[in-house]
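Sequences listed follow chains P and C, in order. Each residue of the first sequence is one higher than the last, beginning at 1 in the working numbering. Each residue of the second sequence is one higher than the last, beginning at 1001 in the working numbering.
No lab work stands behind these hints, which were simulated from the structure alone. Since the structure is predicted, the reported quantities are computational estimates derived from the model, not experimental observations. Beta carbons are placed, not taken as given, at the ideal position from N, Cα and C, and that holds for glycine. Do not take every clue at face value.
[Claimed, not checked] Ranges of calculated distance between the beta carbons of each label pair, as one might list FRET restraints:
{"no.": "1", "chain 1": "C", "residue 1": "1073", "chain 2": "P", "residue 2": "142", "range": "24 to 34 Å"}
{"no.": "2", "chain 1": "C", "residue 1": "1124", "chain 2": "P", "residue 2": "32", "range": "28 to 38 Å"}
{"no.": "3", "chain 1": "C", "residue 1": "1020", "chain 2": "P", "residue 2": "27", "range": "33 to 43 Å"}
{"no.": "4", "chain 1": "C", "residue 1": "1191", "chain 2": "P", "residue 2": "27", "range": "28 to 38 Å"}
{"no.": "5", "chain 1": "P", "residue 1": "50", "chain 2": "C", "residue 2": "1022", "range": "51 to 61 Å"}
[Said to hold, decoys possible] Beyond 12 Å from chain P on every Cβ pair, some chain C residues (computed):
{"no.": "6", "residue": "1004"}
{"no.": "7", "residue": "1130"}
{"no.": "8", "residue": "1202"}
{"no.": "9", "residue": "1262"}
{"no.": "10", "residue": "1263"}
{"no.": "11", "residue": "1302"}
{"no.": "12", "residue": "1305"}
{"no.": "13", "residue": "1314"}
Each chain is listed here by its residues.
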Amino acid sequence: MSLTELAADAVPADAEPSGRKIQGRSPFRLAMSRLMHDKMAVASIVVLVLIILFAIGAPLLASWTGHPYGAQYPDIARDSWGLPKGPSKQFWLGADPLGRDVLVRAAYGARISLFVGIAATVLATLIGVVIGVLAGYIGGAVDAILARFMDVVLSFPYLLVAIVIATTFRPHSTWLSLLLTITVIAIFSFAAMARIVRGQVISLKEKEFIEAARSLGAGRMRIMFVDILPNLVAPVTVLSSLLVPTSIVFEATLSFLGVGIQPPMPSWGSMLNDADYRSSLWLLFVPGGLLLLTTLAFNLLGDGIRDAFDPRSERLITRK
Amino acid sequence: MSEDVLVKVEGAYKHFPIKQGIIFKHEVARVHAVDGVDLEVRRGETLGIVGESGCGKSTLARCITGLHPLTKGRILFEGKEVGPTPDKAFRREVQMIFQDPYGSLNPRRRVGSIIGDPFDIHGIADGAERKRRVQELMELVGLNPEHYNRFPAEFSGGQRQRIGVARALALKPKLIVCDEPVSALDVSIQAQVINLLKDLQDELGLTYIFIAHDLSVVEYVSDRVAVMYLGKVTENAEAEELYAKPRHPYTNALLSAASVADPDEAEKRERIILTGDVPSPINPPPACRFHPRCPKAQAICSTEEPPLVPREGDLPDHLTACHFPVQLGEHLTQARAGIAQESTEPTLGVSE
Chain P
1 MSLTELAADA VPADAEPSGR KIQGRSPFRL AMSRLMHDKM AVASIVVLVL
51 IILFAIGAPL LASWTGHPYG AQYPDIARDS WGLPKGPSKQ FWLGADPLGR
101 DVLVRAAYGA RISLFVGIAA TVLATLIGVV IGVLAGYIGG AVDAILARFM
151 DVVLSFPYLL VAIVIATTFR PHSTWLSLLL TITVIAIFSF AAMARIVRGQ
201 VISLKEKEFI EAARSLGAGR MRIMFVDILP NLVAPVTVLS SLLVPTSIVF
251 EATLSFLGVG IQPPMPSWGS MLNDADYRSS LWLLFVPGGL LLLTTLAFNL
301 LGDGIRDAFD PRSERLITRK
Chain C
1001 MSEDVLVKVE GAYKHFPIKQ GIIFKHEVAR VHAVDGVDLE VRRGETLGIV
1051 GESGCGKSTL ARCITGLHPL TKGRILFEGK EVGPTPDKAF RREVQMIFQD
1101 PYGSLNPRRR VGSIIGDPFD IHGIADGAER KRRVQELMEL VGLNPEHYNR
1151 FPAEFSGGQR QRIGVARALA LKPKLIVCDE PVSALDVSIQ AQVINLLKDL
1201 QDELGLTYIF IAHDLSVVEY VSDRVAVMYL GKVTENAEAE ELYAKPRHPY
1251 TNALLSAASV ADPDEAEKRE RIILTGDVPS PINPPPACRF HPRCPKAQAI
1301 CSTEEPPLVP REGDLPDHLT ACHFPVQLGE HLTQARAGIA QESTEPTLGV
1351 SE
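When you get a sec, could you build the whole thing from the sequences and use the hints?
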């Protein structure tokens, strides 16, 4: 080892042997290439891309089926008892109790569910990273206050509080209900992120490269966001990829209970709420199946991302 | 003489409190890392600081670079006192090279931005100018400037230490504090890095504080050497003088423990075996820190602290903190031979 090292040191102007330019690969790119070799992760990405296309293509589906968003067909989509009809040529995935096309609603619902899931995750990640970095790096009283605050948030019975918040601020427009849902989810998810980030920052700030930055005269802000932040990319990416499915389920739960997304805006959770399970199983299986598929894909992708960023970590599911 | 003093450390104390308590933390004890140190570093020279692990040499280095504020005492840089939060002008003049070439470079940033950081922080250069300067520095320390966009993980230990040197040089500092810059490196690479540091000193007129526990490395690079034991300087002299005529019993023990290349020479040498371990810096012995392990210790050593002054027959800048300095040719082993034989305790003095 020492000989090769010696050679490498002694001849610094080494020409690249094959003439091929050697490009430094960032840890992020290395992780990405590992991820692309993980079959399960790639399959999850494919599934997620299909679901996203399904969401984006919602207007297209509406024009193919000839059933625009929000249109109700109480006469043709319901039988003589007033119950919704099942899948047919005209309503591919059946109709709901108001006589709306379930396929079109599921596609528009995918937009809401994905948007809420991702927006809440982004918001929770931003809050969590900022609070975690501040608490971890500044320490002392700031840390004590923020850490206790996180403990308090984590110890709340989140569902009850979420219901109380959502009913107290009962929004008058569906868009406000969307915002409120995102905020509620973010408030209850950021603490987990903040805790993990705080722990990472506490161990990072003792590293010599942070002392090096300090001795160069770098200020606190610069150290926190230029020196420490890039080292948080791996844990934050992993955690936020696992936060997306949790947020989607959170949204579905709130909407199912009627305190999340308000009708007529469709979301998978509120569609489940509409379901009359005894006779119309499609009302249960369409949104439920989509929810399951999406969260499963996100979870598997999250696992794959974790493995890719930290090859030493133990896999939860052993697969080859 | 006071004209060319670059750094003056006066009565420096650095204590780290040990706190306990869940809500209301209170201090239960303190680690006396640096416990009353006086030093002078002259412009253009290399001051070596040696001592065992835990003797406070790294803490002293961090105090001098302003990374740790002192508990007591003061540090003067070019005659001006360095406050607890040094200003940018001071940061520009004093740089540091770290021990661990793996830990001291941010693994998630490219070499170009690591070396270019000082230019950013001090608003000296950016864009193409910054890149040009960084590449100049890389060339200066013997790195391929083409590797500007690589990550630290893509370099060997020796190359990484060169990156650390380039970063320290970026602002053209007056003083560079080297905290065991080669102890993590392979022996062959150590020589390269040390020679690089010496060449740069000649070229750029740098002043070094060079910390190490390897006595031969310190002898090779230093003009003057200070020996530390449990947070205090025990002896301070010209390098040649100190190695030829060590006065403090601890210095004698350290030197006798250093390895010698010639086996015949090693055979002939008198090995001073110290008894016991280094006492804890949380609760250091009173008066002379070394007295519980010193072969020459007498009653006065545990009651009265010996001052760091020139001893009889020494040069004026050969300072020794000992009541009973060792005479040339004196056999220290015999002073406590009885105790040394009875004791089954592990030997020693110098780690590594």
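Going through the hints against the structure:
1. Residue 1073 (chain C) and residue 142 (chain P) have their C-beta atoms about 29 Å apart, which keeps the hinted 24 to 34 Å range intact.
2. Range check, residue 1124 (chain C) to residue 32 (chain P): Cβ separation about 35 Å, and the 28 to 38 Å hint holds.
3. Our hint of 33 to 43 Å for residue 1020 (chain C) and residue 27 (chain P) holds, since their Cβ atoms are close to 39 Å apart.
4. For residue 1191 (chain C) and residue 27 (chain P), the Cβ-Cβ distance of about 32 Å falls inside the hinted range of 28 to 38 Å, so the restraint holds.
5. The hinted range of 51 to 61 Å is satisfied by residue 50 (chain P) and residue 1022 (chain C), whose Cβ atoms lie roughly 52 Å apart.
6. Residue 1004 (chain C), annotated as away from the interface, keeps every beta carbon of chain P farther than 12 Å; the closest lies near 24 Å.
7. Against chain P, the non-interface label of residue 1130 (chain C) holds: every CB pair exceeds 12 Å, the least being about 14 Å.
8. Non-interface status of residue 1202 (chain C) relative to chain P is upheld: no Cβ of that chain comes within 12 Å, the nearest being about 20 Å off.
9. At roughly 23 Å, the least C-beta separation between residue 1262 (chain C) and chain P is larger than 12 Å, which holds for a residue marked as non-interface.
10. No beta-carbon of chain P comes within 12 Å of the beta-carbon of residue 1263 (chain C); the shortest separation is about 23 Å.
11. Annotated as non-interface, residue 1302 (chain C) keeps its C-beta farther than 12 Å from every C-beta of chain P; the closest such distance is 37 Å.
12. Here residue 1305 (chain C) stays apart from chain P, with its beta-carbon at least about 32 Å from theirs, past the 12 Å limit.
13. For residue 1314 (chain C), the requirement that its beta carbon stay farther than 12 Å from each beta carbon of chain P is met, with the minimum near 36 Å.
Of the numbered hints listed earlier, not one is contradicted by the structure.
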